[in-house]
Amino acid sequence: MSSIKNRKSAIKNMQRGLHRFALLVAGATFFLIIAGALVTSHDAGLATEDWPLSNGQVFPEMVGNLFWEHGHRMVATTVGLLTIGLVILLYRWVFLRFVKRLLGMQGHTSLHPGEPPQWLRRLGLIALVGVIVQGLLGGLTVKLMLPLWVSTAHATLAQLFFCTTVALAVFTSKSWVQYDLTVEEKGTLPIRYVCAAASATILLQLVLGATLRHSATWDKHLPTELLVAHIVGAIAVALILATATFLILRRHPEVKFLTRPATIAMALVGLQLLLGVAAYLTRLKSPDDPQPLHPMVGITVAHVACGALVFATTIVMTLRASRALRSAPSWVTGEVAASRGI
Amino acid sequence: MFKQMKGWFALTVILSLLALGSSCGNKATNEATPETATTGTPFTPTGKEGTVTGVIAYTGAAPAPKKIDSSADPVCGQSNPNLSTEDTVVKDGKLANAFVYVKDGTTADGKKIADYTFATPTDAVALDQKGCHYVPHVLGVQVNQKVKITNSDPTQHNIHPTPKSNPEWNQTQPNGAPPIEKTFARAEVLVPVKCNQHPWMKSYIGVVKHPFFAVSAEDGTFTIKGVPAGTYTVAAWFEKGGPNGTEKTMQVTVPASGSGKADFAFGEAATATSRPGGLQMMPAIEVPMIARH
Numbered sequence: 001m002s003s004i005k006n007r008k009s010a011i012k013n014m015q016r017g018l019h020r021f022a023l024l025v026a027g028a029t030f031f032l033i034i035a036g037a038l039v040t041s042h043d044a045g046l047a048t049e050d051w052p053l054s055n056g057q058v059f060p061e062m063v064g065n066l067f068w069e070h071g072h073r074m075v076a077t078t079v080g081l082l083t084i085g086l087v088i089l090l091y092r093w094v095f096l097r098f099v100k101r102l103l104g105m106q107g108h109t110s111l112h113p114g115e116p117p118q119w120l121r122r123l124g125l126i127a128l129v130g131v132i133v134q135g136l137l138g139g140l141t142v143k144l145m146l147p148l149w150v151s152t153a154h155a156t157l158a159q160l161f162f163c164t165t166v167a168l169a170v171f172t173s174k175s176w177v178q179y180d181l182t183v184e185e186k187g188t189l190p191i192r193y194v195c196a197a198a199s200a201t202i203l204l205q206l207v208l209g210a211t212l213r214h215s216a217t218w219d220k221h222l223p224t225e226l227l228v229a230h231i232v233g234a235i236a237v238a239l240i241l242a243t244a245t246f247l248i249l250r251r252h253p254e255v256k257f258l259t260r261p262a263t264i265a266m267a268l269v270g271l272q273l274l275l276g277v278a279a280y281l282t283r284l285k286s287p288d289d290p291q292p293l294h295p296m297v298g299i300t301v302a303h304v305a306c307g308a309l310v311f312a313t314t315i316v317m318t319l320r321a322s323r324a325l326r327s328a329p330s331w332v333t334g335e336v337a338a339s340r341g342i
Numbered sequence: 001m002f003k004q005m006k007g008w009f010a011l012t013v014i015l016s017l018l019a020l021g022s023s024c025g026n027k028a029t030n031e032a033t034p035e036t037a038t039t040g041t042p043f044t045p046t047g048k049e050g051t052v053t054g055v056i057a058y059t060g061a062a063p064a065p066k067k068i069d070s071s072a073d074p075v076c077g078q079s080n081p082n083l084s085t086e087d088t089v090v091k092d093g094k095l096a097n098a099f100v101y102v103k104d105g106t107t108a109d110g111k112k113i114a115d116y117t118f119a120t121p122t123d124a125v126a127l128d129q130k131g132c133h134y135v136p137h138v139l140g141v142q143v144n145q146k147v148k149i150t151n152s153d154p155t156q157h158n159i160h161p162t163p164k165s166n167p168e169w170n171q172t173q174p175n176g177a178p179p180i181e182k183t184f185a186r187a188e189v190l191v192p193v194k195c196n197q198h199p200w201m202k203s204y205i206g207v208v209k210h211p212f213f214a215v216s217a218e219d220g221t222f223t224i225k226g227v228p229a230g231t232y233t234v235a236a237w238f239e240k241g242g243p244n245g246t247e248k249t250m251q252v253t254v255p256a257s258g259s260g261k262a263d264f265a266f267g268e269a270a271t272a273t274s275r276p277g278g279l280q281m282m283p284a285i286e287v288p289m290i291a292r293h
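The listed protein sequences correspond, in order, to chains C and U. If you use the numbering used here, the first sequence corresponds to residues 1 to 342, in order. If you use the numbering used here, the second sequence corresponds to residues 1 to 293, in order.
Hints are computed from structural coordinates only; laboratory data are not their basis. Where a beta carbon is used, it is the ideal one built from N, C-alpha and C, also for glycine. Incorrect hints may have been included.
In silico DSS-like cross-links for lysine-lysine, where the CA-CA straight-line distance does not exceed 30 Å [claimed, not checked]:
| # | chain 1 | residue 1 | chain 2 | residue 2 |
| --- | --- | --- | --- | --- |
| 1 | C | K285 | U | K240 |
| 2 | U | K225 | U | K130 |
| 3 | U | K225 | U | K91 |
| 4 | U | K240 | U | K261 |
| 5 | U | K48 | U | K112 |
| 6 | U | K202 | U | K67 |
| 7 | U | K202 | U | K94 |
| 8 | U | K94 | C | K285 |
| 9 | U | K225 | U | K148 |
| 10 | U | K182 | C | K220 |
| 11 | U | K67 | U | K91 |
| 12 | U | K66 | C | K285 |
| 13 | U | K164 | C | K220 |
| 14 | U | K146 | U | K225 |
| 15 | U | K164 | U | K148 |
| 16 | U | K94 | C | K220 |
| 17 | U | K164 | C | K285 |
| 18 | U | K146 | C | K220 |
| 19 | C | K285 | U | K130 |
| 20 | U | K240 | U | K130 |
| 21 | U | K91 | C | K220 |
| 22 | U | K225 | U | K48 |
| 23 | C | K220 | U | K148 |
| 24 | U | K112 | U | K261 |
| 25 | U | K130 | U | K148 |
| 26 | U | K67 | U | K94 |
| 27 | U | K111 | U | K164 |
| 28 | C | K220 | U | K66 |
| 29 | C | K285 | U | K91 |
| 30 | C | K220 | U | K240 |
| 31 | U | K202 | C | K285 |
| 32 | C | K285 | U | K67 |
| 33 | U | K67 | C | K220 |
| 34 | C | K220 | U | K202 |
| 35 | C | K220 | U | K130 |
Simulated DEER-style distance windows between Cβ atoms [claimed, not checked]:
| # | chain 1 | residue 1 | chain 2 | residue 2 | range |
| --- | --- | --- | --- | --- | --- |
| 36 | C | R122 | U | N80 | 54 to 62 Å |
| 37 | C | L274 | U | P121 | 53 to 61 Å |
| 38 | U | K91 | C | E225 | 37 to 45 Å |
| 39 | U | N82 | C | A267 | 40 to 48 Å |
| 40 | C | E225 | U | E49 | 43 to 51 Å |
Okay, chain C solo, but in the shape it has when bound (with noise of 0.2 Å):
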C-alpha cells in the first residue's frame, strides 16, 4: 500500500517538475517575443552586421539601439539553452535506458511509470527544431538587411514556437493528466471545431500583423491595404473567439476546465483590440516624431505581447476542448493504470 503511495507521490513530484519547467520555457518565450518586438518598434535590428556576435563581441558595449538587438538575442539565447533542457528532461529516462542497455544492466527494457509519451517527447523536439530555426531566420534577416518575408517568417515561427511551448505545459499539467471528466459534445456545431477554427485565424492574424510591422519602420506610414486587411482580421477573430466562448459558456458553464480559458481568451480580445486602435493612432503620428517614442514603443509592444497571448490562451482552450470532449489519449489512461501498479 504504501509503495504505491510512494510510487504515485514520485510520479507527481516528476510530472510537477516537468510542468514547471514547461510552465519556465514558456514564460522565457513570452519575454523573448517582447524582446523581439522591442527590436523591431526600435529599430534596432541591424544595429549591428554581425551575427551571431554583435561587432564580434559576445558582450559588447550595449548601448544605443545595439542595447534592444543585442538584449534580444541573449534572451533568445537563454531560451535556446531552456528548450534544450526541456527536452534532455523529456528524454531523460529514455537516456537512462539507453545507458542501462549499453552497460547490460537489467530493466532497459521496462517503461518508468509517469515517462512521457512518445508524442510528448516529440513535441518537445518539435519545439527545439522551432528554436533553432528561429534563431538562424534572425541570423537571416540581419544578414540579408531585414527582407519583409524573412523578418515575417520570424516574427511568425517566434509565435508558433510559443504555442508550442505553451502546448508542453499544457500537456504536462496536472489538471491535463488528471482531467477525466468526458463530456460529450452538445448541439450540431462542434466547439472542438470552432475552437480549432479560431486558433486557425489568430495564426493568420498574427501572420498579417507581423507584415504588417516589418513592412515598414517608425518613420514611414503603414501600408493601407495590410493595415485594412488586419482589421478585417482583427474583427474576424472577435467574432470566432466570441462565437467559441459564447458556446462554452452555454453549453458547459459548469466546466471550468473549458469556461476559464475561453473568458481569459475574451477578455484579452478586448484588450487586444483597445491596444490595437491605441497602437494606430501612435504609430500614425510616428513619422513625424524625431526618433521611436516611449508610447508608439510601449504600446505596439504591448500589442504584439497581448496578440501572443491570446493565441496561447485559445491553443489553451482547443486543446483543453479536444480533451474534455471527447475520450482521454491512451497516454493517460495507461499512466494512471501504471500508478496504480496495474
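Could you slot chain U onto chain C? The hints should help.
What follows is chain U alone, placed relative to chain C:
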C-alpha cells in the same frame, strides 16, 4: 520509411538555412553594380560655362526643431546636449539643406545633357558622424565618386543607406575606426542614410551623373557652377512634405558665361510644380536598370 523521410527533410531545412545564412554576408550586398551607360559624348568645358544661382525660401511658420532624447547613449548627450531635428532648418524665411540639381535639359548646341558623360571626380566627399548626427545633413556626389565616412564621436555608429536603385549596405563604425569609403553606381535622388544605433540620425545623399548640383546654405542660397549654356529643368528637393520628401522643378536658361536664376519656395503656401515623393531616379539621365539582387 516515412519517419526517415521526415528526419531528412528537417535536416535539409536546417542545412539550407545555415548555408543561406553563411552565404548572405555583407560582401554580396556591398557589391555595387557598375554604371552601364558609359557611352555618350564626353563633356569638355569650353570656358564659357555659366552658373545657376538661387534662393530657397520657406513660406509660412517653420516647425520648431524637435529635441532629441539621446539618453540611450550617454556619449551623445555629453558631446551634443542640444541635439535636435534638422529636417527643416529655416533662418529668416530661407531654407537650408535643399538639394538642387539639373534634372534635364538641352545645351545651347542642341544636345541633351543626358547624352553627355562626365569624368568622375577623384576627391572624396566627406560625411562625418559628429555629436551623434550626420554632418552634413544633405550632400551630393557624382555617380562612382567616393564618399568618405568618418566617425568623430567617442561612440560607435552604424551607417545604413537605404537606396532604391543602388545596393543597400549596413556597416558598423566603432569609435576610432578608420574611414569607410563607398561609392554609388547609379544616379538616385536622394539616398536616405540612417544609423540603426541612433535612430534619430539621418542624412541624404543626392547621387547624380553630372557635377551640376548644390545644397542650399544656411541663408538658403545655392550656386551650381560650370553649367554649359542651354535651357534646363532645375529641380530642388526638400526632405519634408511627403513620405520621400518634396521635389519642385522650374525651367532655367543659362547664357554663355552668364547666370540663370532659380528661386524655389517650400512650406505652407508654396506653389510651383511640386511633386511629393521625389526620391526617385532622374528620368532624363537614367540608365537602364539592372535588378539589384
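Taking the hints in turn, this is what the structure says about them:
1. With a C-alpha separation of about 14 Å, the suggested pairing of K285 of chain C with K240 of chain U holds against the 30 Å cut-off.
2. Restraint check: the Cα-Cα separation between K225 of chain U and K130 of chain U comes to about 29 Å, which is no more than 30 Å; the hinted pair holds.
3. The hinted pair formed by K225 of chain U and K91 of chain U meets the criterion: a straight-line CA distance of about 24 Å does not exceed 30 Å.
4. Note on K240 of chain U and K261 of chain U: the hinted pairing holds, with a Cα-Cα distance of about 24 Å set against a maximum of 30 Å.
5. The straight-line distance between the Cα atoms of K48 of chain U and K112 of chain U is roughly 18 Å, inside the 30 Å bound, and the hint therefore holds.
6. For the suggested pair K202 of chain U and K67 of chain U, the alpha carbons sit about 15 Å apart, so the restraint of at most 30 Å is met.
7. Distance check on the hinted pair: K202 of chain U and K94 of chain U sit about 21 Å apart at the alpha-carbon level, within 30 Å; holds.
8. Proposed proximity of K94 of chain U and K285 of chain C is supported: the alpha carbons are some 27 Å apart, at most 30 Å.
9. Pair hint K225 of chain U plus K148 of chain U holds up; C-alpha atoms about 23 Å apart against a cutoff of 30 Å.
10. Between K182 of chain U and K220 of chain C the CA atoms are separated by roughly 26 Å; this keeps the pair inside 30 Å, and the hint holds.
11. Taking the CA atoms of K67 of chain U and K91 of chain U, the gap is about 18 Å. The hint holds against a cut of 30 Å.
12. For the suggested pair K66 of chain U and K285 of chain C, the alpha carbons sit about 14 Å apart, so the restraint of at most 30 Å is met.
13. As the CA atoms of K164 of chain U and K220 of chain C are separated by approximately 15 Å, the hinted pair is consistent with the 30 Å bound.
14. For the hint pairing K146 of chain U with K225 of chain U, the CA-to-CA distance comes to about 20 Å; that is within 30 Å, so the pair holds.
15. At roughly 21 Å between alpha-carbon atoms, K164 of chain U and K148 of chain U fall within 30 Å of each other, so this suggested pair holds.
16. For the hint pairing K94 of chain U with K220 of chain C, the CA-to-CA distance comes to about 27 Å; that is within 30 Å, so the pair holds.
17. The suggested pairing of K164 of chain U with K285 of chain C holds, with an alpha-carbon distance near 24 Å, which does not exceed 30 Å.
18. Of the supplied pair hints, the one linking K146 of chain U and K220 of chain C holds, its CA atoms being roughly 29 Å apart against a limit of 30 Å.
19. Taking the CA atoms of K285 of chain C and K130 of chain U, the gap is near 28 Å; set against the 30 Å cutoff, the hint holds.
20. Of the supplied pair hints, the one linking K240 of chain U and K130 of chain U holds, its CA atoms being roughly 23 Å apart against a limit of 30 Å.
21. At roughly 27 Å between alpha-carbon atoms, K91 of chain U and K220 of chain C fall within 30 Å of each other, so this suggested pair holds.
22. For the hint pairing K225 of chain U with K48 of chain U, the CA-to-CA distance comes to about 11 Å; that is within 30 Å, so the pair holds.
23. At roughly 28 Å between alpha-carbon atoms, K220 of chain C and K148 of chain U fall within 30 Å of each other, so this suggested pair holds.
24. Of the pairs offered as hints, the one joining K112 of chain U and K261 of chain U holds, with about 20 Å between alpha carbons and a cut-off of 30 Å not exceeded.
25. Only pairs whose Cα atoms come within 30 Å are accepted, and K130 of chain U paired with K148 of chain U is accepted, the gap being roughly 14 Å.
26. Note on K67 of chain U and K94 of chain U: the hinted pairing holds, with a Cα-Cα distance of about 21 Å set against a maximum of 30 Å.
27. Between the alpha carbons of K111 of chain U and K164 of chain U the distance comes to roughly 29 Å, so the proposed pair stays at or under 30 Å and holds.
28. Proximity of K220 of chain C to K66 of chain U is assessed by CA-CA distance (about 18 Å); at most 30 Å being required, the pair is judged to hold.
29. For the given pair, K285 of chain C sits about 26 Å from K91 of chain U by alpha-carbon distance, which is consistent with the 30 Å threshold.
30. Of the pairs offered as hints, the one joining K220 of chain C and K240 of chain U holds, with about 12 Å between alpha carbons and a cut-off of 30 Å not exceeded.
31. Taking the CA atoms of K202 of chain U and K285 of chain C, the gap is about 18 Å. The hint holds against a cut of 30 Å.
32. A distance of roughly 16 Å separates the Cα atoms of K285 of chain C and K67 of chain U; the hinted pair therefore holds under the 30 Å criterion.
33. The hinted pair formed by K67 of chain U and K220 of chain C meets the criterion: a straight-line CA distance of about 20 Å does not exceed 30 Å.
34. Taking the CA atoms of K220 of chain C and K202 of chain U, the gap is near 13 Å; set against the 30 Å cutoff, the hint holds.
35. At roughly 25 Å between alpha-carbon atoms, K220 of chain C and K130 of chain U fall within 30 Å of each other, so this suggested pair holds.
36. The beta-carbon spacing between R122 of chain C and N80 of chain U, approximately 56 Å, falls within the hinted interval of 54 to 62 Å.
37. Hint check: L274 of chain C to P121 of chain U, Cβ distance near 57 Å, so the stated range 53 to 61 Å holds.
38. Between K91 of chain U and E225 of chain C the Cβ separation comes to about 41 Å, which falls inside the hinted range of 37 to 45 Å.
39. For the pair N82 of chain U and A267 of chain C, the supplied restraint of 40 to 48 Å holds, since their beta-carbon distance comes to about 47 Å.
40. A hinted range of 43 to 51 Å for the beta carbons of E225 of chain C and E49 of chain U is consistent with their spacing of about 49 Å.
The earlier numbered hints are all upheld by this structure, with none contradicted.
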